[in-house]
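Peer 1: Required output: the full structure, derived from the provided sequences and hints.
Top line first, the protein sequences correspond to chains P and F.
For the first sequence, the working numbering gives the first residue as 1, with consecutive numbering after it.
For the second sequence, the working numbering gives the first residue as 1, with consecutive numbering after it.
Think of the hints as simulated: they come from the structure by calculation, not from any bench.
Treat the hints with care, as some may be off.
To be verified - Lysine to aspartate or glutamate pairs mimicking EDC-like chemistry, simulated, CA-CA at most 16 Å apart:
no.: 1; chain 1: P; residue 1: 97; chain 2: F; residue 2: 72
no.: 2; chain 1: F; residue 1: 208; chain 2: F; residue 2: 34
no.: 3; chain 1: F; residue 1: 396; chain 2: F; residue 2: 34
no.: 4; chain 1: F; residue 1: 375; chain 2: F; residue 2: 229
no.: 5; chain 1: P; residue 1: 95; chain 2: F; residue 2: 151
no.: 6; chain 1: F; residue 1: 412; chain 2: F; residue 2: 118
no.: 7; chain 1: F; residue 1: 272; chain 2: F; residue 2: 240
no.: 8; chain 1: P; residue 1: 5; chain 2: F; residue 2: 72
no.: 9; chain 1: P; residue 1: 79; chain 2: F; residue 2: 151
no.: 10; chain 1: F; residue 1: 271; chain 2: F; residue 2: 241
no.: 11; chain 1: P; residue 1: 91; chain 2: F; residue 2: 164
no.: 12; chain 1: F; residue 1: 208; chain 2: F; residue 2: 403
no.: 13; chain 1: F; residue 1: 30; chain 2: F; residue 2: 49
no.: 14; chain 1: F; residue 1: 150; chain 2: F; residue 2: 193
no.: 15; chain 1: F; residue 1: 293; chain 2: F; residue 2: 240
no.: 16; chain 1: F; residue 1: 73; chain 2: F; residue 2: 49
no.: 17; chain 1: F; residue 1: 341; chain 2: F; residue 2: 193
no.: 18; chain 1: P; residue 1: 79; chain 2: F; residue 2: 153
From a predicted model like this one, the values you see are computed outputs, not experimental measurements.
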Amino acid sequence: MPRAKIWGIIAVLVSAFLFALSIFSFFILPEGNFGFFSDVNLMNLHPLTYYSAAVPLGLISLWVLATGFWIGWVILSIKVVPPMPEIVEKKDNSKIKAFFLCLITAGLAVLLVYGIYVRNFWALAIPALVISAVILGAVFWVGMAIITTRATLPVNKN
Amino acid sequence: MRVLISGYRGNPYCGGQGIYIYNLSRELAKLGVEVDVMVGPPYPDPLEEWATVYKIENLNIWSIKTKDIPYEKLVRIFSPWNFADYILTRLHMFPEMETYSFRAFFALKKILKEKRYDIIHDIQSLGWATVPMKGYGIPIVTTVHHPLTKDREADLMGNFGLWDKTTTILFYPLVMQSFVIKRLDRVITSFREGITELNKAFGVKPEKVSVVYNGMDVDLFQNTGEPREENALLFVGNTEDSKKGLIYLFEAMTMLPENVTLTIVDDGPPKKMTAADMIKKFNLSHRVKFTGKLSYEALVSLYSRKTILVMSSLFEGFGLPAVEAMACKTPVVVTTAGSLKEVVTEDCGILVPPKDPIALKDAILKLLSDSELRKKMGENGRRRAVENFSWPVAAKNTLKVYEDVIREFRRKR
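Peer 2: Put into structure tokens, the structure is as follows:
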């Protein structure tokens with residue numbers, strides 16, 4: 001088996017395992033009172049320990065939310081006249097949706113900052129889970145593609 | 001003088017950057033400048049005769065679905081920058097410029113252990129890592145033919161619904177470009193109005209912008225002497241680019257006599273459907289044809305045979321087809337959008353306001369009915385192209401900008 005295929009299989013297995021582990025750790029362990037997360041009281045953490053994790057996670061989450069807000073804002077504020085009659089005739093309600101996009105992202109940002117301030121577990125857990133899902137999902141997807149795609153070049157055994 | 005020209009794409013057959021890098025580096029070398037080129041894929045034609053080339057990796061996987069990425073590229077995704085590229089492209093962003101700038105930053109660090117440059121010339125990438133590159137103590141200039149805000153506006157015009165608009169907004173790295181461009185030592189643009197455009201789009205101070213007209217190969221683009229066709233219009237450009245204003249040209253076509261035909265130098269259906277759909281809508285299928293991509297020789301022949309070149313653009317950062325046509329003694333009908341009113345003077349073509357199909361139709365009719373005027377405009381066009389838009393002239397003017405920037409940089413230190 002080509003070495004790249006082996007890496008593909010490893011990527012799929014590792015990303016699937018890590019994602020399953022994160023789901024288990026975030027949702028099942030605390031609820032089942034397994035004594036792992038339920039023992040973690042964020043209020044007991046030293047501020048430096050807490051904020052060294054909370055600030056990077058919070059900043060990444062705020063950056064994502066700010067991008068969403070910015071997209072909504074651009075759509076709301078841009079003034080372009082579509083030249084194509086078929087577009088003018090259609091009822092485009094993207095401005096209304098953009099308004100809600102701004103509203104929701106701004107609301108989530110406030111909630112996130114407040115959650116981090118009061119040291120709510122979910123204010124860190126949800127962003128961490130989403131970021132992990134995106135990265136592990138990408139690794140998984142590329143791994144799957146490597147496994148299922150046929151190499152177009154013959155393998156040079158030398 | 002030692003110059004490093006840096007561009008994230010170098011394909012000489014599509015996109016302006018490759019053509020720009022190839023010709024500018026060649027002409028600068030002829031002027032005695034030591035030129036190195038750092039470039040991302042698609043790589044340019046061999047430049048080794050006059051420059052040292054440093055090739056920077058990039059998988060070019062934007063808009064390719066994961067399952068359609070070639071196997072040779074798939075197995076290379078798990079390197080840090082390729083993986084960053086992969087994730088960002090899946091989020092509908094266009095990260096080539098960002099990741100190119102980081103790769104170039106680290107590649108340059110290695111190169112500078114052996115070499116030294118007087119100036120770095122960035123070609124329109126404006127990636128984040130261009131700013132820390134200033135830490136190497138070398139002035140950096142950039143060429144921006146037109147701000148991407150114009151492309152985004154044009155794309156948004158054709159978008160319908162929140163998702164289409166969102167993907168368009170995500171695609172253009174305007175925040176990055178706006179941040180980076182203000183921190184570079186000089187911006188070179190290809191038309192005077194570009195100074196205002198760059199100020200409006202990115203807040204670049206006018207005194208930081210220099211105008212250098214683009215060049216073109218006036219030896220290659222010459223009239224072939226083939227007989228001219230009558231009532232044959234020519235359009236050269238990307239039909240998927242909303243800035244080209246093709247819809248107005250098609251509208252003008254519906255008002256022109258039936259014997260007036262249009263040849264479009266670009267791919268038609270099934271590869272590109274936007275123009276084809278409009279042609280169907282305006283019932284012009286029997287009068288419009290696509291040539292697909294052409295070799296330079298075939299393009300020069302077309303310029304030499306067709307009656308008029310038409311550009312119905314809503315914005316142009318230079319308008320290369322107009323200059324190429326002028327060099328082939330072909331009269332042009334162009335809009336006054338962007339650089340076109342500087343490139344085309346009234347003695348070599350007719351200028352009409354953009355988004356005005358009636359004015360476009362009138363101008364085309366005027367030229368079609370007056371062969372003497374066409375001939376005169378053709379002769380004037382050739383003269384103007386040779387005097388203002390040849391690569392030796394562009395290189396000489398670029399060199400003047402380099403000298404000015406280096407002088408200023410040394411004075412400040």
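Peer 1: Hinted pair, alpha-carbon criterion (16 Å max): residue 271 of chain F, residue 241 of chain F. Please report holds or violated.
Peer 2: 14 Å, holds
Peer 1: Within a Cα-Cα threshold of 16 Å, do residue 79 of chain P and residue 151 of chain F meet the stated pairing?
Peer 2: It holds: about 14 Å lies between the C-alpha atoms, which stays within 16 Å.
Peer 1: Take a quick look at whether residue 412 of chain F and residue 118 of chain F sit within 16 Å of each other, Cα to Cα.
Peer 2: Given that 16 Å is the threshold and the Cα spacing comes to 15 Å, the pair holds.
Peer 1: Checking one constraint from the list: CA of residue 91 of chain P to CA of residue 164 of chain F, max 16 Å. Satisfied?
Peer 2: 15 Å, holds
Peer 1: Are residue 5 of chain P and residue 72 of chain F close enough, with their CA atoms no more than 16 Å apart?
Peer 2: Cα-Cα ~12 Å, so holds.
Peer 1: Please work out if residue 375 of chain F and residue 229 of chain F have their alpha carbons no farther apart than 16 Å.
Peer 2: Holds. Residue 375 of chain F to residue 229 of chain F sits at ~13 Å (cutoff 16 Å).
Peer 1: CA of residue 97 of chain P to CA of residue 72 of chain F, is that 16 Å or under?
Peer 2: 41 Å, violated
Peer 1: CA of residue 293 of chain F to CA of residue 240 of chain F, is that 16 Å or under?
Peer 2: 14 Å, holds
Peer 1: Sort out whether residue 240 of chain F lies within 16 Å of residue 272 of chain F, counting only the CA atoms.
Peer 2: This hinted pair holds, its Cα atoms lying about 7 Å apart.
Peer 1: Between the alpha carbons of residue 208 of chain F and residue 34 of chain F, is the straight-line distance 16 Å or under?
Peer 2: With a Cα-Cα distance of about 25 Å, the restraint between residue 208 of chain F and residue 34 of chain F is violated, given a limit of 16 Å.
Peer 1: Just to be careful, I want the Cα atoms of residue 73 of chain F and residue 49 of chain F compared with a cutoff of 16 Å; is the pair within it?
Peer 2: 30 Å, violated
Peer 1: Regarding the pair residue 396 of chain F and residue 34 of chain F, is the alpha-carbon distance no greater than 16 Å?
Peer 2: 14 Å, holds
Violated hints, listed in ascending order, are 1, 2, 5 and 16; each of the other numbered hints is respected by the structure.
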